[in-house]
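Input sequences plus hints: build the corresponding full structure.
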Amino acid sequence: DVKVTQSSRYLVKRTGEKVFLECVQDMDHENMFWYRQDPGLGLRLIYFSYDVKMKEKGDIPEGYSVSREKKERFSLILESASTNQTSMYLCASRPGLAGGWQYFGPGTRLTVT
Amino acid sequence: SQQGEEDPQALSIQEGENATMNCSYKTSINNLQWYRQNSGRGLVHLILIRSNEREKHSGRLRVTLDTSKKSSSLLITASRAADTASYFCATGVSSGTYKYIFGTGTRLKVLA
Chain A
1 DVKVTQSSRY LVKRTGEKVF LECVQDMDHE NMFWYRQDPG LGLRLIYFSY DVKMKEKGDI
61 PEGYSVSREK KERFSLILES ASTNQTSMYL CASRPGLAGG WQYFGPGTRL TVT
Chain B
1 SQQGEEDPQA LSIQEGENAT MNCSYKTSIN NLQWYRQNSG RGLVHLILIR SNEREKHSGR
61 LRVTLDTSKK SSSLLITASR AADTASYFCA TGVSSGTYKY IFGTGTRLKV LA
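As given, the protein sequences belong to chains A and B, one line each in that order.
If you use the working numbering, the first sequence corresponds to residues 1 to 113, in order.
If you use the working numbering, the second sequence corresponds to residues 1 to 112, in order.
It is possible that some hints are incorrect.
[Claimed, not checked] Only some residues are given here: those of chain B computed to face chain A with a beta carbon under 8 Å: (1) N38; (2) R41; (3) L48; (4) K99; (5) Y100.
[Said to hold, decoys possible] If you anchor each label on the Cβ, the simulated ranges turn out as follows: (6) S82/A <-> E17/B: 39 to 45 Å; (7) S82/A <-> R54/B: 42 to 48 Å; (8) E53/B <-> K57/A: 30 to 36 Å.
What the hints contain is simulated information worked out from the structure, not anything from laboratory work.
The beta carbon of each residue, even a glycine, is placed where N, CA and C say it ideally should be.
Here you go:
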């Protein structure tokens, strides 16, 4: 079974802090994604990566950056956390084939105070 | 640029009844997927239907796709309390790179 893990289930940070969210997948998938999920808004794509060191902006990249130095790991970085970044963050991976399933991690609920 | 919209937003039914939820989208798609999310957890894929397919079954799940109306429906037959979850459609769009756009979800509650 594909396994996608995220470094924390719950995280509380202060405004202005730099925050790292880590995601690791064990199935050698080329594509990895970061979403945030907010009530009434569904899942919105922040960034995705289709190869090591490659990244593309999603629909809401402002205030975020990403890093993919190794194929299995995709990090989401909040350079200076703000209260409006309080959300559930979901990581997903997918094989290189277009149209394949996305496999999701359990999510990180981030609270910025 | 939200692509999918689910309807209804919330649904409450009795165990044993069927549950139907709908998804509408805006542009051409390669495929459409349905996912389930249990409270506070990640999403789990349920079923994928390609743009050239009209109907697909998997166990108690039945998905239809009408590309002329840009809509899909998910039917869960003989629902169980364990089906209580949020259900999302995701449309696969190829525009340079390939990505999925998720809808806002339907919250299903199955009462025992």
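Do the hints match the structure? See the list:
1. N38: 10 Å, violated
2. R41: 6 Å, holds
3. L48: 7 Å, holds
4. K99: OK, holds: K99/B within 8 Å of chain A, min 6 Å.
5. Y100: 6 Å, holds
6. S82/A <-> E17/B: 39 to 45 Å: Hint holds: Cβ distance 44 Å, inside 39 to 45 Å.
7. S82/A <-> R54/B: 42 to 48 Å: 46 Å, holds
8. E53/B <-> K57/A: 30 to 36 Å: 31 Å, holds
Taken one by one, the earlier hints fail for this structure only at number 1.
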